[in-house]
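**Student:** Spelled out, the chains give:
There are 2 protein chains.
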Amino acid sequence: MRLLFIGFGTVGQGLAELLIRKKELLSKTYGLDFQVVGIADKIKGSVYNPEGINLHDALDKAGGGGSLSDLPGAKFDGDALDMIQQAEADVMFEATYTDIETGEPATSHIRKALDCGMHVVTTNKGPVALNYKDLERLAEEKGVRFLFEGTVMSGTPLINFIRENLAGCDIREIKGILNGTTNYILTRMEEGLSYDEALKKAQELGYAEAVPDADVLGWDALAKVTILAKYVFQTDKNPSDFLCEGITGITMASIAEAKARNKRFKLIGKVWREGNIVKASVAPEEIDMSHPLASIMGATNAVTFTTDALGDVTVVGPGAGKEATGYSMLVDLIAIGGRR
Amino acid sequence: MRLLFIGFGTVGQGLAELLIRKKELLSKTYGLDFQVVGIADKIKGSVYNPEGINLHDALDKAGGGGSLSDLPGAKFDGDALDMIQQAEADVMFEATYTDIETGEPATSHIRKALDCGMHVVTTNKGPVALNYKDLERLAEEKGVRFLFEGTVMSGTPLINFIRENLAGCDIREIKGILNGTTNYILTRMEEGLSYDEALKKAQELGYAEAVPDADVLGWDALAKVTILAKYVFQTDKNPSDFLCEGITGITMASIAEAKARNKRFKLIGKVWREGNIVKASVAPEEIDMSHPLASIMGATNAVTFTTDALGDVTVVGPGAGKEATGYSMLVDLIAIGGRR
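Protein sequences appear in the order of chains A and B. Here the first sequence is numbered in the numbering used here, starting from 58 and rising by one per residue. Here the second sequence is numbered in the numbering used here, starting from 58 and rising by one per residue.
Hints are computed from structural coordinates only; laboratory data are not their basis. Please note that a few of the clues may not be correct.
Identical copies look the same in the list; a pair holds intra-copy or inter-copy alike.
With a cut-off of at most 30 Å between alpha-carbon atoms, the simulated DSSO-like pairs for lysine-lysine come out as follows [what the hints assert, rightly or not]: (1) Lys258 to Lys320; (2) Lys316 to Lys80; (3) Lys85 to Lys316; (4) Lys257 to Lys132; (5) Lys99 to Lys118.
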């Protein structure tokens, strides 16, 4: 299979490392042989090589501050859309930055790749939260797959879990801890830190950004909740249609009070149906200590599905990280091109 | 698809109920239309009808103490093997009782069905724990699937989770609570009941049998651990090759002592690799309260996978039950014949 990377930041590099490490396994176990024919990154430069790009060299360039454009390859000086047009790849990996307001430029990249008949794998929340239905319809028209395991809980099985493992189940509610940064902050606050101290720790560890709004105000979880609402319940609603409250109103006192009632605050994203109406929200919730979500501490993520046939099923795992998110694209690639 | 039931006890009936309830969904969403052409049960009788058996009627007979042989159908008076030979089905569901010493008669049923070119779905631990490799090889030779999601944690995704969602991952260890009865007993003991009192409660609720040995001595968990050892690590070892210790040696005092150390006793089944040697065991273990498995209370099951790309991933869900186990066969059926 001919692979194309659009965006070669942490996630793309994480995938590239896994592709190197698992090359033999992919070939032997899944009958999946590949070459990377193009990489386009706004900052790190672009390289197009129909003979196959050496991923070691690409990682060296990207990691060492060099330009991918210096790697051996055919002459190329266009942008990402030109690359998609030119590359004749079988699968495009879209891992540019998430813009949750516009979904761009990722949505245009994905539309272009689908139009060219490529399968698309993305970790980018924007295009899925905003344009899932259109993109899925386009993929169906073109007879290709549009997969996005990594958009929610990184490589921890969630989207594919719904598709494969809960096939035929009636999912009534999905509820979980979808943002590791806020869960880490709440964990440290329960240990006695103030909100400001806990946020500072999270920033030191690289969990939170200098401007932490997307995490602490709940926007990141909201994008994920919207993806689940669209994928599972086929709603047309957008992030702005749902209630969203972050953790900035939670105090050490409210945490202590909850504890006295044998409960624990978690920032809970949830999606459910009331009759034919799809509802969703992100807000702090007091979770009973006996619920599996209550015991999820630190930066870990977890989701509980309430279903007809199985009752409650919970999946716990990482929600971020270079390798875990890179893996989400690898498992989607296997779903597309792997022999089972 | 033409379906055949061998064994029509709780699990078979659970599947039949789901097939009735989800008939339209299966057809519309998965392009999966079916008729049940045969049911053979040692106690409830057998019916063969190439035109299709009415599942409502079959459930009425089975539930009401009548004989399936009274249902409309072609003349049939053979045994299960004759039924498999005659039925010309596409998929056989094997849900007879588990004999973990011999794996029979289920293994013979499965071998026969595979020989006849049928896909096989089973919830029966015996054939998989004892003969996985042979049966899988036979299925491959015949170009059919041999699926057994329901043998471990009923319909909670585990076997299919490994196959689909952890594809390409290096699984280093699998460790979990694989028996709900013993977890229920340990939960009640922590609440203050003695072992005998807790066992009696479990028996009243139908969790434990009159002779509770298979659960409390760890044999049930051992069969499941062996299935995982064979499926994930391709070992030839059998249940008798692994250490197995139940919960009968756990006292209220030891539970209290563990608690004082911020730990909790769980009956843990685990499988791991040391170099090229596959190891497995079932034994009570003190689990740190911060581990996801520590918070699993009552009859719930849970498993933690330790992997290279994702670190730890945990799945929590029911480990038994008519509908949950019936669903395990439905999801395997969709994997075999469903459009995705």
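**Student:** Should Lys257 paired with Lys132 be assigned to within, between, both, or neither, using CA atoms and 30 Å as the limit?
**Tutor:** neither (46 Å within a copy, 77 Å between copies)
**Student:** Evaluate Lys258 and Lys320 at a C-alpha cut-off of 30 Å and name the case that applies: within, between, both or neither.
**Tutor:** Answer is both: 24 Å inside a copy and 27 Å across each meet the 30 Å cutoff.
**Student:** Up to 30 Å between alpha-carbons, please classify Lys99 paired with Lys118: within, between, both or neither.
**Tutor:** within (14 Å within a copy, 68 Å between copies)
**Student:** Taking 30 Å as the upper bound on the Cα-Cα distance, should Lys85 and Lys316 be classified as within, between, both, or neither?
**Tutor:** neither (52 Å within a copy, 47 Å between copies)
**Student:** With identical chains treated as interchangeable, where does the CA-CA distance between Lys316 and Lys80 reach 30 Å or less: within a copy, between copies, both, or neither?
**Tutor:** neither (49 Å within a copy, 46 Å between copies)
This entry does not satisfy hints 2, 3 and 4, going by the numbered hints stated previously.
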